[in-house]
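K.L.:
Given next are the chains, with one letter for each unit.
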Amino acid sequence: MNVIEMKNVSKSFPGTKAVDSVDFYLKEGEILSLLGENGAGKTTLMKILYGMHHMDSGEIWFKGKPVQIEKPSDAIDLGICMVHQHFMLVSAFTVADNIIAGCEPCNGIFVDRKQEYRAVEELIEKFHFGIDPYAKVGTLSVGEQQRVEILKTLYRKAEVIILDEPTAVLTPHEVDDLFAVLDDLRKSGKSVVIITHKLKETKAIADRVMVLRDGKMIRDDVDPRKSSFNELSDMMVGRHVELGVVDRTKRTGDVILSIRDLCLEEKGHVLLQNIDLDIHSGEILGLAGIEGNGQSQLLECITGLRTPQTMTVMIDGKPVSGGPREFLLSGLAHIPEDRNAMGLVSTMSISDNLILGYQDTPAFSQHGLLRQQRIQQQAQELREEFQIKAPDIQTKVGALSGGNAQKVVTARALSQRPKVLIVAQPTRGVDVGASEYIRARIRQLRDEGAAVLLVSADLDEIMQLSDRIAVIYEGKIVYETPADVLSDVELGMLMTGGSPEDLKGAAHRHA
Amino acid sequence: MHSWKDTCKAALKAAKKPALAFLLALIAGGIMIAISGYDPFWVYYQVFALAFSSAKNIASVFAQATPLMFTGIGYAIAAKCGLVNLGLEGQMLSGAMTSALLGAYLRGLPMVIHLPIAVLGGAVAGAFVGGLTAFLKNRFGAREIITTVMLNEIIALLVAYMCNGPFRAEGSIWGMTEEVQSTAVIGKLMDNTQLTYAIFLALLLGILLEFVLKKSTLGYKMQVIGQNIRAAKTAGINVERIFLISFALSGALAGLCGSAMILGVNFKFIDGFSDSYGWSGISVAALAAYDPLFSVVSAVLFGILKAGAMILNRTSNVPKEFVSVIQAFVVVFVAAPRMVDAITSFGWLKRRLPKKQADKEKGGIA
Amino acid sequence: MIVLLVAATLRMAVPYILATTGGTFSVRVGITDLGCEGMMIGGAFFGVIGSYYSGSPWIGMLCGILAGIVFALLNGLLHITFKVNPAISGVCVNLLSTALAPLLLKLIWNNESMSPIVNNFGNFADTWLAELPVVGEILATQNILLFITLAIVLIAWIFLFKTKYGLRMRMVGEAPVAASTVGLNAIRYKYIGEILCGALAGLGGVYLSLGQLNMFTEGMTAGRGYICMVINVISGYNPLGTIAGGIFFAFFEALRTVIQNAAINANFLMMIPYIMTLIVIVISARRILPPAGMGKHPDE
Numbered sequence: 022m023n024v025i026e027m028k029n030v031s032k033s034f035p036g037t038k039a040v041d042s043v044d045f046y047l048k049e050g051e052i053l054s055l056l057g058e059n060g061a062g063k064t065t066l067m068k069i070l071y072g073m074h075h076m077d078s079g080e081i082w083f084k085g086k087p088v089q090i091e092k093p094s095d096a097i098d099l100g101i102c103m104v105h106q107h108f109m110l111v112s113a114f115t116v117a118d119n120i121i122a123g124c125e126p127c128n129g130i131f132v133d134r135k136q137e138y139r140a141v142e143e144l145i146e147k148f149h150f151g152i153d154p155y156a157k158v159g160t161l162s163v164g165e166q167q168r169v170e171i172l173k174t175l176y177r178k179a180e181v182i183i184l185d186e187p188t189a190v191l192t193p194h195e196v197d198d199l200f201a202v203l204d205d206l207r208k209s210g211k212s213v214v215i216i217t218h219k220l221k222e223t224k225a226i227a228d229r230v231m232v233l234r235d236g237k238m239i240r241d242d243v244d245p246r247k248s249s250f251n252e253l254s255d256m257m258v259g260r261h262v263e264l265g266v267v268d269r270t271k272r273t274g275d276v277i278l279s280i281r282d283l284c285l286e287e288k289g290h291v292l293l294q295n296i297d298l299d300i301h302s303g304e305i306l307g308l309a310g311i312e313g314n315g316q317s318q319l320l321e322c323i324t325g326l327r328t329p330q331t332m333t334v335m336i337d338g339k340p341v342s343g344g345p346r347e348f349l350l351s352g353l354a355h356i357p358e359d360r361n362a363m364g365l366v367s368t369m370s371i372s373d374n375l376i377l378g379y380q381d382t383p384a385f386s387q388h389g390l391l392r393q394q395r396i397q398q399q400a401q402e403l404r405e406e407f408q409i410k411a412p413d414i415q416t417k418v419g420a421l422s423g424g425n426a427q428k429v430v431t432a433r434a435l436s437q438r439p440k441v442l443i444v445a446q447p448t449r450g451v452d453v454g455a456s457e458y459i460r461a462r463i464r465q466l467r468d469e470g471a472a473v474l475l476v477s478a479d480l481d482e483i484m485q486l487s488d489r490i491a492v493i494y495e496g497k498i499v500y501e502t503p504a505d506v507l508s509d510v511e512l513g514m515l516m517t518g519g520s521p522e523d524l525k526g527a528a529h530r531h532a
Numbered sequence: 087m088h089s090w091k092d093t094c095k096a097a098l099k100a101a102k103k104p105a106l107a108f109l110l111a112l113i114a115g116g117i118m119i120a121i122s123g124y125d126p127f128w129v130y131y132q133v134f135a136l137a138f139s140s141a142k143n144i145a146s147v148f149a150q151a152t153p154l155m156f157t158g159i160g161y162a163i164a165a166k167c168g169l170v171n172l173g174l175e176g177q178m179l180s181g182a183m184t185s186a187l188l189g190a191y192l193r194g195l196p197m198v199i200h201l202p203i204a205v206l207g208g209a210v211a212g213a214f215v216g217g218l219t220a221f222l223k224n225r226f227g228a229r230e231i232i233t234t235v236m237l238n239e240i241i242a243l244l245v246a247y248m249c250n251g252p253f254r255a256e257g258s259i260w261g262m263t264e265e266v267q268s269t270a271v272i273g274k275l276m277d278n279t280q281l282t283y284a285i286f287l288a289l290l291l292g293i294l295l296e297f298v299l300k301k302s303t304l305g306y307k308m309q310v311i312g313q314n315i316r317a318a319k320t321a322g323i324n325v326e327r328i329f330l331i332s333f334a335l336s337g338a339l340a341g342l343c344g345s346a347m348i349l350g351v352n353f354k355f356i357d358g359f360s361d362s363y364g365w366s367g368i369s370v371a372a373l374a375a376y377d378p379l380f381s382v383v384s385a386v387l388f389g390i391l392k393a394g395a396m397i398l399n400r401t402s403n404v405p406k407e408f409v410s411v412i413q414a415f416v417v418v419f420v421a422a423p424r425m426v427d428a429i430t431s432f433g434w435l436k437r438r439l440p441k442k443q444a445d446k447e448k449g450g451i452a
Numbered sequence: 002m003i004v005l006l007v008a009a010t011l012r013m014a015v016p017y018i019l020a021t022t023g024g025t026f027s028v029r030v031g032i033t034d035l036g037c038e039g040m041m042i043g044g045a046f047f048g049v050i051g052s053y054y055s056g057s058p059w060i061g062m063l064c065g066i067l068a069g070i071v072f073a074l075l076n077g078l079l080h081i082t083f084k085v086n087p088a089i090s091g092v093c094v095n096l097l098s099t100a101l102a103p104l105l106l107k108l109i110w111n112n113e114s115m116s117p118i119v120n121n122f123g124n125f126a127d128t129w130l131a132e133l134p135v136v137g138e139i140l141a142t143q144n145i146l147l148f149i150t151l152a153i154v155l156i157a158w159i160f161l162f163k164t165k166y167g168l169r170m171r172m173v174g175e176a177p178v179a180a181s182t183v184g185l186n187a188i189r190y191k192y193i194g195e196i197l198c199g200a201l202a203g204l205g206g207v208y209l210s211l212g213q214l215n216m217f218t219e220g221m222t223a224g225r226g227y228i229c230m231v232i233n234v235i236s237g238y239n240p241l242g243t244i245a246g247g248i249f250f251a252f253f254e255a256l257r258t259v260i261q262n263a264a265i266n267a268n269f270l271m272m273i274p275y276i277m278t279l280i281v282i283v284i285s286a287r288r289i290l291p292p293a294g295m296g297k298h299p300d301e
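Residue numbers (our numbering), protein chains in the order written: chain A, 22 to 532; chain B, 87 to 452; chain C, 2 to 301.
Keep in mind that the hints are not guaranteed to be accurate.
To be verified - Chain A regions said to be covered by chain B (calculated; three or more residues, Cβ under 8 Å): (1) 343-349; (2) 354-362; (3) 367-374; (4) 377-384.
What the hints assert, rightly or not - Only pairs whose alpha carbons sit at most 20 Å apart, straight line, appear in this in silico SDA-like list of lysine to any residue: (5) 300(B) / 379(A); (6) 224(A) / 258(A); (7) 165(C) / 126(A).
Calculated directly from the structure, the hints in this document are not laboratory data. Only a predicted model underlies this, so the values are computations on that prediction, with no experimental measurement involved. Using N, Cα and C, we set each Cβ at its ideal position, and we do this for glycine too.
Given these sequences and hints, build the entire structure.
P.N.:
This is the structure we're talking about:
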């Protein structure tokens, strides 16, 4: 029986048709994978179901009856709950407060604290989540926060649970844990939708796959067990894409970037401990690790955004110290992890964004005044070279798609012919075509002799792009290995604190 | 790249929103005038006609506009890098007191030295207070909304203490300082008016800062900071330094407003002399979309209203207090372009309900 | 002397405590409480209007509270609905309120700076409270609003930290998007917080004109609304803390009225609490943090 049917649903945003006459259905007790690229309309479709977006036309049926879902509380009342990609948690509140807020156990208007903690503890016990209900959410790890989010849906007695990109921030091991939970949910008769663009996980857990592309439903009844990766990928992208092009370095040279003895402490917590890294000319070093193990802090330290207690950085044999400006001018380019927050000024034009950070170089300014002619000329050249899709270089960056915005950041970094490139999450929120292009450009820079440090939460990306991999765990580099030596499971073990000695055993178990 | 035609078109397009907001503020003020029992059309006609009825009255318009130009430009230059300088009033008072004291107590200097010192002293005092705010923000992370408001109170008390206490002019009943020397007086542009050469200084600074903002790397950095401070930091822009420069400039402009009032109009610091010049600067800059040069223009617009209402007040019993209300309405409408959209589209485009529009503006595909 | 000082301190503290408690609600739903000044002016002025036309200070109080709410709604309309920067929307409220009061003075009473004398809240001088030992002398110069104020603070604290509506309001202030995903109407809670702020700041204004005095004079709030914003910070956005913060400022104000001889300049004396607070605010700027969702909207 279908728990949910969405009929002929459409939704437009200015300039795009996000969801185009889509029919969607969900059966009781199944796990459905809603597969599609970034921007295919998966999240928008589910947000319509959850009452966060209003559809322009269409109908929603719940258990055979048409329903109106105007706002999230309507959906919650029906038993539909959603776990968002960006967690919707209050860091200053306790776990229990986060779970109950919105439907509190009460004595009159007063919150019944006893009942609150009892109910939450029971739930945690039942699903073996192992979280302290009294802990402040801000102190939890990402995996634990996700469990709090799932607890929120269970506390609300959800029958339909929608998870948006639930594995994006998890390690392979945590993914297994999550899937075990989802399996439990399926057994207890709940229906689950996973929004994802990851094929491996789709095959691992889903009973059925729906594929969305450019807002349209392409297939609604794919059996994941009977389809190959390539078939799924072609459906998702709409053409044949060479997935995961692997092109290792041909020639490495001297050490270009050398980091020694990087230690960072904050408020008594050791965030980074004795980090030593060498990256050679013509080499991509991938830094694998679960988010929150010090990657962001490491990036901040080696780009000058933060001054650690101790650190020696040499670029091409010369010591560098100071702020981001000094690092930038010594030949280090930076593609930051969050392009919209850190890399771009969305209200400024493409040409203005292409000089950001380099505005004081003689190429762009003289006697403190901007050389507009040169700035415009270089912007034209870069737009053509990087195929940035925009009406002209005066277009505001905020109007660009994720892929094109990331191309602007990449073009700016590469245009300076850097000796060292620090690149974080280069393809997050970027469509497949632009992703492959950006990866190819990073490889090209490497082949021209630059040293590249790649940080990504996407282990597949690390494994595909890196020539050498370093694993970071709790602020320490715990392992370094050439690419293609360890499997993803083995890397995952190292990322969660497993020791290298365990590797053999793990390999056996998985074999 | 850009022909003058494009520039004109862009300017017209940019001016549309503020013009609409100004019009709505006049309408709102007009409704209030009507409720109070006056004919709004007659009042507005009189205000604008009287403001331009004689050379002396025109001079009075520009005289009223002069202090607003300084504080308007001052607010704008801080707003461009995302700073909310609510401390203009205090910075203005500190500039005024400094100029008053330098003007009164420095003796025996020729005018070419004395006047610049007295004027510069006011600018430096304002810049110091503004810079202090930036320092507290940079060093301790104190939010400027709170520190500026505190500094306003502290400076108001300090200057009140000074002109009632140690620097009180002999024999005066009300708190005021000694009159400034004739060598520190800013010359009048027209006799028997309050219009002084200070207006040229304001105009010059407006043009200069406009140029800095649009053409220099400093201006580029200020705009980047104002629109995305994290991106600015990531790009290696020294945010703290720019905050300091910008806040000091803003304070200097406010200080100059004080100097211009003391050395050109009042000739001494009188307790409570300010007609909220600092706060009015916010209205002026808001109407100018936080652009230094447009601030000069919008100050003149407010000058017309103020001068016209004052003249009207002499010949009729229409209260001049209407002007401050209109001024407040201007900020309300300028600050809320979406509200103006909602009001105007509701009027003659009923199908575009504001809610739907807001929904659309959310935009993008999540 | 000490009795006088304590009594005056209490009288001066009430408006601070009221308006700051209002500000707490505003900040707790994520809105800067800069507009308190304007709401206080509105409360003080319309309190007098109400009392003038009805003869009853209680009606005056209602009018004052309503005026505070109207200005709060303006702030809400600008910031919550039309997404104006909260500092600017607060300035709008203050500019409008500061401009309206003298205009209405002129229109209604044809006077530039003050209203006529109206009925105010009588003090306890002739009641049994004044007969009490020890505290009687202090209570003799207080009025009923003192007790109302203390009750309000207590209720506000219980409301914010013990009830489900308080929990929801704080959630909206910390994370408006998260609040709306669990089905809360974040916009409505923000408006409720703003309205409570306006009502209490308005009541604070009423106390100035009908509790301390019996008329409205131009500029009578004298920046107290701004100080409330500051007291709010040092009290950690907690209603109970506003009592201590309010009394601190009120003490110096009282000292100024009690020490009438000019040995110490009154203006100079008043600078002391401001400078002390500025130092505290600056030093603790990175420790006392407002809610994480300050100035954020539920649909972003």
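K.L.:
Which earlier hints turn out false for this structure, listed by number in ascending order?
P.N.:
none
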